Structure formats: structure tokens, C-alpha cells
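**Q** Listed here are the chains, written in short residue letters.
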Amino acid sequence: MPRDAEIRLRDRLSKLGGLDLLRGARLSGELERLQRQLDRIEAEPTDEEIWRSVELARHQDRPYTLDYVPRIFEEFFELHGDRGRGDDAALVTGLGRLEGRTVAVIGHQKGRDIKERTTRNFGMAYPEGYRKAIRVMELADRHGFPLVTLVDTPGAYPGVAAEQHGQGGAIARSQAAMARLGVPTVACIIGEGGSGGAVAIALADRVLMQEHAIYSVISPEGCAAILWRDAGEARKAAAAFKPDAAHCLELGVIDGIVPEPEGGAQESHDEAARLLAAALADAIEELDDIPPDELRAARRLKFRSMGVLA
Amino acid sequence: MNRIDVSIEHKHAPPEPPAKKHPNTCPGCGSHYRDDELEVSLRVCPHCGHHFPVKARERIAQLVDPGSFEEEAIDLRSADPLDFFDLRSYKERLAEAEVATGLGDAMVIGAATIEALACELAVMDFSFMGGSMGSVTGEKFARACESAVEAGVPLVSVSASGGARMQEGILALMQLPKTVVAVEELHEARCALISVMAHPTTGGLLASFASLGDVLLAEPGALMSFAGPRVVAQTTREKLPDDFGLAESNLRFGHVDGVVPRPELRPTLARLLRLFGSD
Chain A
1 MPRDAEIRLR DRLSKLGGLD LLRGARLSGE LERLQRQLDR IEAEPTDEEI WRSVELARHQ
61 DRPYTLDYVP RIFEEFFELH GDRGRGDDAA LVTGLGRLEG RTVAVIGHQK GRDIKERTTR
121 NFGMAYPEGY RKAIRVMELA DRHGFPLVTL VDTPGAYPGV AAEQHGQGGA IARSQAAMAR
181 LGVPTVACII GEGGSGGAVA IALADRVLMQ EHAIYSVISP EGCAAILWRD AGEARKAAAA
241 FKPDAAHCLE LGVIDGIVPE PEGGAQESHD EAARLLAAAL ADAIEELDDI PPDELRAARR
301 LKFRSMGVLA
Chain B
1 MNRIDVSIEH KHAPPEPPAK KHPNTCPGCG SHYRDDELEV SLRVCPHCGH HFPVKARERI
61 AQLVDPGSFE EEAIDLRSAD PLDFFDLRSY KERLAEAEVA TGLGDAMVIG AATIEALACE
121 LAVMDFSFMG GSMGSVTGEK FARACESAVE AGVPLVSVSA SGGARMQEGI LALMQLPKTV
181 VAVEELHEAR CALISVMAHP TTGGLLASFA SLGDVLLAEP GALMSFAGPR VVAQTTREKL
241 PDDFGLAESN LRFGHVDGVV PRPELRPTLA RLLRLFGSD
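Chains as they are written, first to last, in the numbering used here: chain A, 1 to 310; chain B, 1 to 279.
By construction, these hints were calculated from the structure, which means they are not laboratory data.
On a predicted model such as this, the values are computed, not experimentally measured, just so you know.
Note that CB positions come from ideal geometry on N, CA and C, so glycine has one too.
Heads up, some of the hints might be wrong.
What the simulated footprint calls covered on chain B by chain A, stretch by stretch (three residues with Cβ under 8 Å from a Cβ of chain A suffice, anywhere in the stretch; the number is not a length) [as the list claims (entries may be wrong)]:
id	stretch
1	75-84
2	137-144
3	224-232
4	240-251
Far from chain A, by Cβ distances over 10 Å, these chain B residues were calculated [to be verified]:
id	residue
5	G28
6	L42
7	E58
8	S68
9	A116
10	G169
11	E184
12	S208
13	F209
14	A210
15	S211
16	P220
Calculated pairs, DSSO-like style, for lysine-lysine (alpha carbon to alpha carbon, straight line, at most 27 Å) [claimed, not checked]:
id	chain 1	residue 1	chain 2	residue 2
17	A	K236	B	K91
18	A	K115	B	K55
19	B	K91	B	K55
20	B	K55	B	K21
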């Protein structure tokens with residue numbers, strides 16, 4: 001198995017090397033980083049290393065969407081409300097300029113202190129949040145703005161009102177809306193990519209992941225509670241379902257890894273933002289000249305092919 | 001103690017310990033049923049209307065014209081890309097599920113006719129690993145969409161699933177966008193999706209294709225929630241309404257078009273197939 005994994009990642013790395021996304025001068029450091037990721041996989045990442053990604057992805061000082069927004073986008077203007085029921089502060093949407101062109105931005109916002117976390121509901125959106133996201137996706141499509149989404153949520157909010165307002169349907173329709181867009185779309189997991197609440201805004205042409213972000217079908221604690229019947233076994237669960245960026249790349253779930261400052265994004269928000277901005281701009285540039293129909297078809301084909309069959 | 005007990009309750013013989021529950025007891029009304037009778041009544045309790053779970057093949061037999069079902073993608077089987085091991089290995093769980101259910105995965109797909117109207121079917125089976133959606137389940141659903149497009153017929157899906165299959169990790173989550181793009185292609189080819197939600201349709205199922213039907217139907221008493229009642233209660237410490245997430249409450253909140261008792265499901269589907277122009 002580790003040998004197979006190595007071959008697959010080598011194969012994938014060589015393919016990635018051929019992509020414009022990673023050939024750009026600004027990202028020349030990325031392949032090097034990937035190489036380091038590969039080295040780590042070769043060395044069989046220990047359970048501790050996977051768990052370290054989980055901890056860094058949830059680090060209290062890790063930059064959130066609203067830390068990146070002023071550092072990456074100029075003239076940002078926030079758009080509020082789903083035009084039906086409310087404004088969900090757990091999902092921030094708006095317009096801004098990236099390298100001189102207007103882009104639409106959608107991102108989860110967890111909140112830094114207790115007060116903000118309460119307002120932002122720890123980045124766990126209600127259906128209102130996903131409906132706001134859909135509205136902004138359609139706006140972007142109408143005006144030909146590329147769409148950037150920043151994913152950072154433990155999951156969609158599991159509450160009575162959220163269910164009554166149609167949580168499942170909202171997440172499904174948000175994905176469907178992304179499948180219809182004719183503009184370049186780039187998603188980046190910048191912290192926790194928690195299940196349906198994350199993939200709702202991640203059906204993108206390019207899905208990137210920061211080096212220490214995690215992307216998973218369920219939280220380690222949730223998985224442990226169900227399969228081990230003990231939430232305390234979260235480390236074991238994380239080691240089993242491998243939510244780290246290198247494994248997601250290996251499984252073909254993401255298209256590239258965005259490097260972080262040494263020691264993690266929390267060490268320097270400015271540096272993390274610079275690296276993220278470069279990756280986003282390169283991805284958009286790469287997708288820019290593709291006609292809408294082709295863009296849509298390639299995006300759908302990519303997700304249509306996800307999974308491993310015997 | 002040596003006190004004499006004079007309480008009234010003890011004048012009679014002490015109550016018997018509760019008798020062992022009869023294995024065929026309806027959870028709805030406590031009445032006993034015979035297996036063969038329950039099958040004839042489409043696994044609906046004749047006394048209280050409780051809807052028992054229906055396995056995929058039996059569901060298909062209930063819905064389609066006899067002999068009309070032609071199964072597709074029978075040979076698809078899950079791989080174990082993560083070498084997943086919790087208390088037991090995923091491979092072992094898969095093998096055991098196949099032996100127990102006679103199915104290759106939690107979904108059966110194929111072409112059929114309902115009241116002589118052609119359609120494609122995608123039917124889930126909760127008894128295969130809780131109906132959880134893994135790579136094969138998603139693949140089968142996507143192929144059902146493609147078959148429907150090719151034949152130019154509507155797709156009828158019947159979901160019964162706890163959500164994504166954890167043992168496939170992130171790839172299980174990716175079955176959400178995979179089935180969503182398949183529905184998009186189906187819709188662009190102007191084929192209808194009629195989504196029937198049986199008990200339970202939760203988590204990743206509700207957050208993907210099951211919610212994207214042109215018409216959404218639910219079985220009485222089916223649980224349809226993104227987060228299960230236990231998770232909601234534990235996370236929020238909210239008091240849950242008695243009908244939390246049930247089909248009837250989803251109808252009230254505008255999330256489904258109808259709650260259809262099982263005996264009416266076949267005629268209802270036939271009517272919808274006619275309305276969507278299948279011939």
C-alpha cells in the first residue's frame with residue numbers, strides 16, 4: 001500500500017508539474033513543497049503528523065476569511081442577506097478586486113473571540129448562509145466575475161431551526177448552483193473543511209487546500225463517537241480517514257496544495273495571505289480563457305469521476 | 001428489616017417481569033404481525049399504518065410492472081482506498097454486508113416500467129451498511145442518471161440512507177458533488193428526477209441528489225434531516241419537537257411536495273411519469 005501510494009503521488013506530482021497553475025513563477029516554491037509532502041508520505045506520516053494538521057487547521061490564531069479578505073482583495077464590499085429570510089454571519093460574501101479585476105468572494109467566518117464566535121456561530125452556517133452564497137454565485141455568473149470561495153467550517157449548523165429552514169436542501173442547491181456557473185471558480189480549504197457544510201461551496205474548477213488544512217466527511221470526534229463509540233478516540237479516527245492535504249491530493253480530491261509559512265499559517269497572516277493570493281490569482285488566470293461551456297463541462301467531469309471502484 | 005409490610009400493592013403477587021417482546025411486534029402500535037401478511041400489505045402495519053423498512057429488491061417489486069426491471073451495473077464493488085480499519089476492517093464489513101443482503105452495494109439501479117410507463121430506477125437499501133453512500137453508491141446513481149438521459153426517460157430514486165460512508169473518508173463526501181453534477185446533466189437533458197425519501201434520508205443524502213428532485217415525495221414517518229436528532233440534541237441542548245425532521249414536518253415547512261403512504265406510491269409515480277411525458 002505505501003508503495004502504491006507513493007507511485008500514485010509521484011504520478012500526480014508529475015502531472016501537476018505540467019499544469020500552468022504550478023508552473024507560474026510565483027508558485028515555483030509549491031512543487032518543492034509538494035515534494036516535501038511526498039517525502040513525508042514516503043516516510044509514512046505518523047498518526048501524530050495527521051493529528052498535527054487537525055490541530056493547526058483549528059488553531060485559534062489561524063487566519064480566517066476576514067483576515068485574508070483585506071490582505072488579498074482590494075475595495076472589498078460585503079454583500080449581506082439571502083433576500084428571503086436573514087443574513088448569516090457564518091458565511092461572508094462580497095465583491096473585491098484581485099489583480100485589478102472584480103471577483104466574487106464567499107467564505108466561512110469562525111470568529112476570533114467569544115463575542116464574534118457567538119455572532120458567527122463558530123463558522124457553522126444556517127441554510128440562510130447557503131442561500132446567500134447561491135445568490136452571490138448567480139450574481140458572479142451574471143456579470144462574469146470569477147468566484148473565489150474560502151472554506152473553513154466545522155460543518156453546517158445542526159440545529160432545530162436550521163433543519164426547519166431546509167439545511168440539507170440548501171447545501172444540495174448550493175452545489176448545484178456551482179455546477180451551473182460559467183465563470184472560473186476556485187475554492188480553497190483554509191482551515192477545517194467539515195463535510196456537507198464545506199463541499200456546499202467547494203464544487204469548483206480548482207479546489208486548493210492549504211498545507212495544514214483538513215478536509216473530511218465527518219469530524220474526527222464525530223467519526224470516533226460512531227465507529228469507536230468514544231469521541232475520545234478522535235486521533236485514531238483522524239489517522240484512519242486521513243483528512244490532511246497530502247492524502248486529499250493523492251486521492252484526487254483536490255488540485256493543489258497552497259504552502260503556508262513555516263510552522264503554519266498562524267505564524268504570519270501576511271505571509272499566508274501572500275501565498276494564498278498568488279495561488280488564487282494563478283488558478284483564475286489559468287481558467288480565464290476557457291469558454292463557459294467547456295469550463296462547466298470540465299468541472300462536472302472532474303466531480304463525476306470522484307471515487308475509487310474495485 | 002423486620003417491619004411488616006402492609007402496603008396495598010404487595011397484597012397481590014408481585015408483578016411479573018415484563019414479558020419478552022414478541023419478535024414481530026409493530027413499533028407503532030404494539031400489535032403482532034405475520035411476516036407473510038406484512039409482505040402482502042407492502043410492509044405497512046394494517047392496524048396503525050406504521051411503515052416498516054423495505055429492502056431494495058422488494059421495493060422494486062412493489063413499484064414496477066412484473067418482469068420489467070432490468071438491473072444495471074450489477075458488478076460494481078467498493079475498493080478500500082484508505083485501508084480503513086476501525087474496530088474491524090472496511091473490507092470485512094463490505095464482505096459481510098454483501099453476504100447478509102445479497103447486494104454489491106447500498107443501491108440497485110436499472111430500467112423498468114411502472115404502469116407501462118418507462119423509467120429508470122435508483123433504489124437504496126438501508127440494510128447494506130446503513131444505506132451509506134460510498135464511491136459505488138455514487139457511481140451507480142450517476143450511471144442511473146446517464147441511462148435515463150440515454151433512454152430519454154424520468155429517473156425515480158428511492159433513498160434510505162444515514163448519509164456518507166465514513167469508511168471511504170473524503171471520497172465519500174465527494175459523492176455529494178458527484179451525484180449533484182449527475183442530476184444537473186439529467187436536468188439539462190430535460191429528464192425529470194422524482195425523488196422518494198424513505199426512512200431515513202439523512203446527512204449527505206439530503207444534502208445531495210435526494211433534495212434535487214423535480215418532485216420530492218416522502219413516506220409517512222420517514223426521518224429526513226441533515227443532522228440526526230441525537231446530534232442536534234447533543235450539540236445544541238435544544239428541546240426537539242416531537243416531529244423533528246419527520247416527513248410530515250418537512251411537508252409543513254415546505255421541503256417536500258407530498259407525504260405518500262406506500263400503497264399509493266405506485267399509482268402516484270405513474271401519474272407523475274404521465275405528467276412528465278413518459279410514454
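**Q** Determine for every hint whether it applies to the structure shown.
**A** To see whether the hints hold, each was checked on the structure:
no.	hint	result
1	75-84	holds (count 8)
2	137-144	holds (count 3)
3	224-232	holds (count 6)
4	240-251	holds (count 5)
5	G28	23 Å, holds
6	L42	27 Å, holds
7	E58	26 Å, holds
8	S68	28 Å, holds
9	A116	32 Å, holds
10	G169	4 Å, violated
11	E184	5 Å, violated
12	S208	5 Å, violated
13	F209	7 Å, violated
14	A210	8 Å, violated
15	S211	4 Å, violated
16	P220	18 Å, holds
17	A:K236 with B:K91	18 Å, holds
18	A:K115 with B:K55	49 Å, violated
19	B:K91 with B:K55	22 Å, holds
20	B:K55 with B:K21	24 Å, holds
The structure is inconsistent with the numbered hints 10, 11, 12, 13, 14, 15 and 18, although it conforms to all the rest.
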